[in-house]
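Could you put together the complete structure from these sequences and hints?
Numbering (the working numbering), first residue to last: 1 to 258.
Derived by calculation from the structure, the hints in this document are not laboratory data. Each statement offered as a hint is correct.
Straight-line alpha carbon distances no greater than 20 Å define the calculated SDA-like cross-link-like pairs of lysine to any residue that follow:
no.	residue 1	residue 2
1	K167	P136
2	K167	A211
3	K167	A156
4	K37	G47
These figures come from a predicted structure and were not determined experimentally.
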Amino acid sequence: MIDSQAVRDYLLGLQDRITDAIAAVDGQAFLTDNWEKPPTERLRGSGRTRILEGGAVMERAGVGFSHVRGDTLPPSASANRPELAGRSFEAMGVSLVFHPRNPYVPTVHMNVRCFIAVKPDAEPVWWFGGGMDLTPYYGDADDCAHFHRTCKDSLAPFGDDLYPRFKQWCDEYFFLRHRGEARGIGGIFFDDFSALGFDRSFEMLRSVGDAFLAAYLPILTARKDAPYGERERDFQAYRRGRYVEFNLVFDRGTLFGL
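Structure (structure tokens):
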């Protein structure tokens, strides 16, 4: 049985846990913006955006929760999934990007999400998606190994094949094709996942979401006080340009919005 309320409750709790943990390290609280879309818009729903800017550790960090609904999917969303045509839908998720101040602390991205499409007299269509990936400016082999090991451990209870598949998917997705270079050192990425049934697939999603702090906090706390100078900050800004390039040219969410 699909339990969208349980997914929503989990996602809101995950956002709370992550922002509390990062604020405790930084010493500065996140600002919260609760928003709601007017009922006249094509997409209806609400969300909660949390931002930390100008902190001691985080230069800019954002953790967003959104839960939106619509009567019909855009044609681009159902072109390759004809079973979605004519269905109403809801989508919810938590997404974050952290840009630390210290160039020796990697930027990190994570999201977990759920999609459900329904119509009368038909079985619901649903899936989960998400993942996390790390983008160091100055790479450290131990940090990279820890991040990937934590990702692998989060998926291990659900099948030995998942980590290799999701790692490869991440490597292929977060790749700047026009430059022939990866955005970072990867992690895991998955979408359209329903293979384990709703309850077990949701359990897998929770395992991935719960693993985020274990994957990133040890790296953050170990590197945040490393000495650096203008040279390192300049290189950090240069590499952040690559991050912007990916988000503008290849990111699925950006392309979907356009």
